[in-house]
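*Asks:* Working from the sequences, and respecting the hints, build out all of it.
Here is how the chains run, residue by residue.
Protein chains: 2
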Amino acid sequence: MDIRSLKQFISLAVNLHFGRASEVSHVSPSALSRSIRRLEDELGVSLFERNNRNVALTRAGKLFLTYARDSLGQWDAIRNELMEESGELHGEISMYCSVTASYSFLFDILARFRNDHPRVEIKLHTGDPEDAIARILAGDEDIAIGARPVRLQAGLAFRLIEFSPLVFIASKDQPQQSAENWAEIPMILSERGLARRRVDEWFRELGVQPRIYAQVAGNEAIVSMVSLGFGVGVVPRIVLDNSPLSNTIRILDVKPALDDYEVGLFALEKKLSSPLVNAFWSQLK
Amino acid sequence: MDIRSLKQFISLAVNLHFGRASEVSHVSPSALSRSIRRLEDELGVSLFERNNRNVALTRAGKLFLTYARDSLGQWDAIRNELMEESGELHGEISMYCSVTASYSFLFDILARFRNDHPRVEIKLHTGDPEDAIARILAGDEDIAIGARPVRLQAGLAFRLIEFSPLVFIASKDQPQQSAENWAEIPMILSERGLARRRVDEWFRELGVQPRIYAQVAGNEAIVSMVSLGFGVGVVPRIVLDNSPLSNTIRILDVKPALDDYEVGLFALEKKLSSPLVNAFWSQLK
DNA sequence: GATATTTGTTGCGTAAAATGATATATATGC
DNA sequence: GCATATATATCATTTTACGCAACAAATATC
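Protein chains in written order, with the numbering used here: chain A, 1 to 285; chain B, 1001 to 1285.
Check the hints yourself; a few may be wrong.
Said to hold, decoys possible - Listed below are several chain B residues computed to face chain A (Cβ distance under 7 Å; list not exhaustive):
| hint | residue |
| --- | --- |
| 1 | L1006 |
| 2 | I1010 |
| 3 | L1043 |
| 4 | L1072 |
| 5 | D1076 |
| 6 | I1078 |
| 7 | N1080 |
| 8 | E1085 |
| 9 | G1087 |
To be verified - Sample of chain A residues lacking proximity to chain B, with all beta carbon distances greater than 10 Å (derived):
| hint | residue |
| --- | --- |
| 10 | A60 |
| 11 | L63 |
| 12 | D70 |
| 13 | Y103 |
| 14 | K123 |
| 15 | D200 |
| 16 | V208 |
| 17 | N247 |
By construction, these hints were calculated from the structure, which means they are not laboratory data.
Just so you know, these numbers come straight off a predicted model, no measurement behind them.
All C-beta atoms, glycine included, are put in the ideal place defined by N, C-alpha and C.
*Replies:* Encoded structure:
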């Protein structure tokens, strides 16, 4: 039995799906299957009841799950304890953020952190920012960068990095639209996410049914389409600051303005007691 | 980190000597050295302060030792729990006994145990019976076969297998000695151990200084020398029962007779709660 | 004080174990 | 009944672990 097997077991016990669990653990499904099998051989009991369609914990599996969680917690605890003993921070911390964020905030933050704690290895995963909170809550990542939702889930901690206005953008070549014809203007919006919800509400309060030209995943794609003159988009301004297309774009002066994005760090509150996470966290004063 | 590394670490922490610790763990010293090194790398701290002459636990090592013991205890606990869940006993149990014992009692006991619990693997180590209790107390073995000492150490459990008279033996060819000349008779005795202490006391009570011809390690060697006519020896009768030389030997009728050997199982009391050890233990009614 | 001995570590070649890609078997859904 | 999904078996490859022997450093021995 080793720590890795325990983590894999927990992942499978939570996901109840070899494919997804193996993805989280960064191994192939076959490796996970064998790892679980090995564990079962070692313990002499089946931990999962599985056929080719379903995976379920056995009674023994449930018992072992609580053991695994405890054991992993204690392992983390002793590692933290010994880390304090050694004086210097070291180990591994996992981060999740969007590609946009990795271009903008991340560089400065990481550079500083790296300088202060050179022996801490950072595992960075990028992806859809909408998944950020879910990944934190699931314990898949230690820290994520994202926009603060209106309501924070219980146990979730947020620390502001900066405000970024949510702005309407149009191509520089396009003539300025008058404020009255919002129903006519082709809009290019996020498929989902906080920005989309804000815009939907904005239109609702205005009493206008927007003409949605395109629903796009990713702020960069919105900038591209707007730059090409397809319509008006809404993105956090931080995206423009790092966009190679920003000089082809102008920001519309829209009233009322949308609320600012609050971009910041997410982490589980209970993980803030970990020296590594805490060091990262406290870096932002 | 895996269970094996933890055991190796504990062994080194107890022995404070790579050679001896590696022997207990059944690996080469180099493997142990690398294993410890790996642990230290993983934790980012030194666990031992060591040069080519001394090994000592660091402060971090002491902290980790308590963790390791706890962690190992919990691992055993969950394994036992899951074993009860599964209904059938399985796993591994380690035994220690002398070569003599392995010829005599062990066969029947093991055959029966194997029949009742075929999925339990038995690791058998043989060696000097005088080490049996020490190995049990050190936790190196689950169960040992040996002779009950006058006083049992605290925490040590003993279960009688059978009595075996401690007998004086001589070669069949030698003439019977009269009872008066014990001081003249060449004695062949164990170097150490319970039998030796009993004989020493026997002579002391008789007020005779024995003439010790040879001090030998191992009952088989005593039988050999006696059989060749070098003198009179003292061994538990069970040894004769399994000796190919027994027909060349006769048992002397000595008064007062020595107390019987109480041959039986040793185990740590706290290990009796383990299903495996308990099953072995309870086999002897 | 020179030599021998003890003992932890390291280099190297081999053996074992783990892994990923692919194939397979089997269950489910339409 | 065919298409899909999914856990597992197989095989080739890579990674890891191990033991042996050499080494280095410290102590013991005379």
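*Asks:* Just to be careful: measuring from the Cβ of B:G1087 to every Cβ in chain A, is the smallest value less than 7 Å?
*Replies:* violated, 9 Å
*Asks:* Compute the least Cβ-Cβ separation between A:N247 and chain B, then decide whether it is above 10 Å.
*Replies:* holds, 47 Å
*Asks:* Taking the least C-beta to C-beta distance, is B:L1006 closer than 7 Å to chain A?
*Replies:* violated, 10 Å
*Asks:* Classify the label on A:A60 as holds or violated, using whether its beta-carbon is more than 10 Å from each beta-carbon of chain B.
*Replies:* violated, 5 Å
*Asks:* Any CB of chain A closer than 7 Å to the CB of B:E1085?
*Replies:* Holds: closest Cβ of chain A sits about 5 Å from B:E1085, inside 7 Å.
*Asks:* Does the claim that A:D200 lies off the interface hold, with its Cβ farther than 10 Å from every Cβ of chain B?
*Replies:* holds, 49 Å
*Asks:* Verify this label for me: A:D70 is non-interface relative to chain B, using a Cβ-Cβ cutoff of 10 Å.
*Replies:* About 7 Å separates A:D70 from the closest Cβ of chain B, which leaves it inside 10 Å; violated.
*Asks:* Is the Cβ of A:K123 more than 10 Å away from each Cβ in chain B?
*Replies:* Holds: least Cβ distance 16 Å, greater than 10 Å.
*Asks:* Quick check on the hint: B:D1076 CB to chain A CB, less than 7 Å?
*Replies:* violated, 11 Å
*Asks:* Just want to verify: A:L63 was marked as not at the interface with chain B; is every Cβ pair farther apart than 10 Å?
*Replies:* Non-interface label on A:L63 violated, nearest chain B Cβ at 6 Å vs cutoff 10 Å.
*Asks:* Is the hint on B:I1078 kept, meaning its closest Cβ partner in chain A is under 7 Å away?
*Replies:* With Cβ-Cβ at 4 Å, under 7 Å, it holds.
*Asks:* Once the shortest beta carbon distance from B:L1043 to chain A is found, is it less than 7 Å?
*Replies:* Since the shortest Cβ distance to chain A is 5 Å, the answer is holds.
Hint check: violations occur at hints 1, 2, 4, 5, 7, 9, 10, 11, 12; the rest are consistent with the structure.
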